[in-house]
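From first to last, the protein sequence lines stand for chains A and C. Numbering-wise (full-length UniProt numbering), the first sequence opens with residue 1 and increments by one. Numbering-wise (full-length UniProt numbering), the second sequence opens with residue 1 and increments by one.
No lab work stands behind these hints, which were simulated from the structure alone. Heads up, none of these hints are tricks.
In the DSS-like style, the derived pairs of lysine-lysine whose C-alpha atoms are separated by at most 30 Å in a straight line are:
{"hint": "1", "chain 1": "C", "residue 1": "LYS60", "chain 2": "A", "residue 2": "LYS167"}
{"hint": "2", "chain 1": "A", "residue 1": "LYS96", "chain 2": "C", "residue 2": "LYS240"}
{"hint": "3", "chain 1": "A", "residue 1": "LYS78", "chain 2": "C", "residue 2": "LYS240"}
{"hint": "4", "chain 1": "A", "residue 1": "LYS156", "chain 2": "A", "residue 2": "LYS167"}
{"hint": "5", "chain 1": "A", "residue 1": "LYS156", "chain 2": "C", "residue 2": "LYS240"}
{"hint": "6", "chain 1": "A", "residue 1": "LYS139", "chain 2": "A", "residue 2": "LYS78"}
{"hint": "7", "chain 1": "A", "residue 1": "LYS216", "chain 2": "A", "residue 2": "LYS139"}
{"hint": "8", "chain 1": "A", "residue 1": "LYS167", "chain 2": "C", "residue 2": "LYS240"}
{"hint": "9", "chain 1": "A", "residue 1": "LYS32", "chain 2": "C", "residue 2": "LYS240"}
{"hint": "10", "chain 1": "C", "residue 1": "LYS240", "chain 2": "A", "residue 2": "LYS139"}
Now the in silico label distances, taken between C-beta atoms and shown as ranges:
{"hint": "11", "chain 1": "C", "residue 1": "ILE181", "chain 2": "A", "residue 2": "ASP101", "range": "42 to 50 Å"}
{"hint": "12", "chain 1": "C", "residue 1": "VAL317", "chain 2": "A", "residue 2": "LEU75", "range": "49 to 57 Å"}
{"hint": "13", "chain 1": "A", "residue 1": "LEU324", "chain 2": "C", "residue 2": "GLY165", "range": "36 to 44 Å"}
{"hint": "14", "chain 1": "C", "residue 1": "ALA192", "chain 2": "A", "residue 2": "PHE39", "range": "53 to 61 Å"}
{"hint": "15", "chain 1": "A", "residue 1": "GLU152", "chain 2": "C", "residue 2": "SER57", "range": "28 to 36 Å"}
{"hint": "16", "chain 1": "C", "residue 1": "VAL167", "chain 2": "A", "residue 2": "ALA295", "range": "36 to 44 Å"}
Ideal Cβ positions, reconstructed from N, Cα and C, are used throughout, including at glycine.
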Amino acid sequence: MSQTTSYASTSDAARHGDEPLLQVRDLKVTFKRQGEEPFVAVDGIDFDVRPGQTVGLVGESGCGKSVTSLAIMGLLPKRGNRVEGEVLFNGTDLLKLSDSDMRDRRGQELAMIFQDPLSSLNPVVPVGLQVAEVLERHKGMSRKAAMVVAREMLDKVGIPDPDRRLKDYPHQMSGGMRQRALIAIALACEPRLLIADEPTTALDVTIQAQILTLLKDLVRETGTALIMITHDLGVVAGLCDEVNVLYAGRIVERAERHPLFEQPRHPYTNGLLESIPKLEVGRGERLNPIPGSVADNLPWTSACAFAPRCLNALEVCREQTPQLEMDFGRALRCFNPVEVAR
Amino acid sequence: MTPSPDRRRFGDSKKDRIDALAQTAGSTAGGAQGGTVMTVADAGRVSGGEGQSLIASAWKRLRRNPVFLTGAAITFVFIVLAIIGPWIAPYDPVAQPLLSQVRRQTNPVPGPQPGFPLGGDDVGRDLLSRLLVGGRQTLIVGVLATLGGLFGGLTLGTLAGAIGGWVDSLVMRIVDVMLSIPGLILAVSIAAIAASPSQTTVIIAIAVVQIPIFARLLRGSMLAQRASDHVLAARALGVKPHAIVFRHMLPNSLGPVIVQATLVLATAIIEAAGLSFLGLGNPDDRQPEWGQMLGQAQNYVSDYPHLAIYPALCIIVVALGFTLMGESLREALDPKSRR
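With these hints in hand, go ahead and build the complete structure from the sequences.
So this is what it looks like as structure tokens:
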């Protein structure tokens, strides 16, 4: 419980913090395929990230989490995709930057960690050199100076015997160590924003906890803002100051961590929390999954996309599009939210 | 992978075979991903132990593979002979110690005799010496032609795979046109364009024939690399495009190309012999070369077949050596054949 209080204080600090570092405004990503209807993967997302804040993007597969992060980083292929809206980073719209300006910022001011640590490392280059490469690229360091910093970084992310590990190839490392190495690479230039796209999904549960603690510590230490993309509510509970729940490309609920977990208002958030197995429940008790799958979605343009799977669905849910409305410090997109328990 | 290179049918086109081979490069990444499942399972062990690289495990299997060992032994002996040949040859390949025995009508080719185990050729030169020395020219032609093809193929393949778009289409259509012409005919046409045939024209002709194979192979594995996670991760770090191509994509795409190069060495030697046989090789026989010796033996092949058989055997054995080595390398490096 003592841990929880420390979280509350960081989220307080973040709340009273300065101007937002990142403002995502009405971000919309459309995939265009020849001979097919354009598919709207991200449908008008707004959120802010303040310096030092940890923001979660939560949702099931295909809800647009990863596409949002790739759009912020400018990594979506130009062909066949349309990205609209604004991504203001420190006041600059990243979507309007030229390719080379954006390249200068990537790795330097914003960095990203990917899901699979083995395939995200270059298999033919020693890990130390991969850390050094970023430093040489953005800080203009010599190979020698960069290797010194690379050693420090490996040490900092808790890789034992960093001198030897500098020369190791990715395949010589364990899964957890590879993810640590990736974190070292991402944080080498001390970016102001780190996007972690399901950083623990490919890892063993025990290693997951280590990596999350590491991320939490590093983020607090360096004041880096973190966007945590995950489908795992456990990760969110341990790490995020603010949580955005995504469904079918739109934010359906946004709240600070404690209110969200104590009293989820959107039926989808509620369903996600209900579907987590609980230890205190007796034997033989069944899990409460959310019925149906993403394939049952209605288009947001004419209804609530979640309505076909929603236990609280009303007539109006299938006829009108709910708007994201503020309600006691939380944003909610629902006609018939879960009642507040008294 | 439907047309597996192992079970390739007779009707498969050259293109399909190259593409199938290129896919093995893509599946190197796939195999590596399969490996993650294992590492996740033992991720609890922080020390992790020594991982086994693709090359290390390939070598472990190659060491005990008789096919590879045979190929490697032949190749090794051939290379050693090509280097020391002139020193161990009993006679100067240009000297004509048996000239006095040559009779245009009765005895055009001196037979084997003490001191000359294989006898002489039609101008009285020692056949054994010429075979021993000829290996060097054959090796030079094979290696230079392969390197030339490799260089051209790497350039075109990198252009196509790295830039993509219309450059890719243009390069690959050119490559398709080249692939559609049978190799030897293309080589003959190129060699015939040259005013006077020489060693260099043979090398160039054969190199050009090999270019499309390498280009297509490299382009295929470059495309697989371009879609890979580590290239995306490198882009996310702001690595510049040329560094992504040369530091991240190219080194990871070279595996199948190098394997193909050992196979192409064999083809290049055979095609060089073919060109020499057709009279498009080096006409200067003061530097003996197996293909050229084979070509000159044509006049006597009905009465003195051994003149043709010895150089032909040399070519066959050497080509077999390179092929055995290349095929077992390819198998060893193909993650699908790993047990």
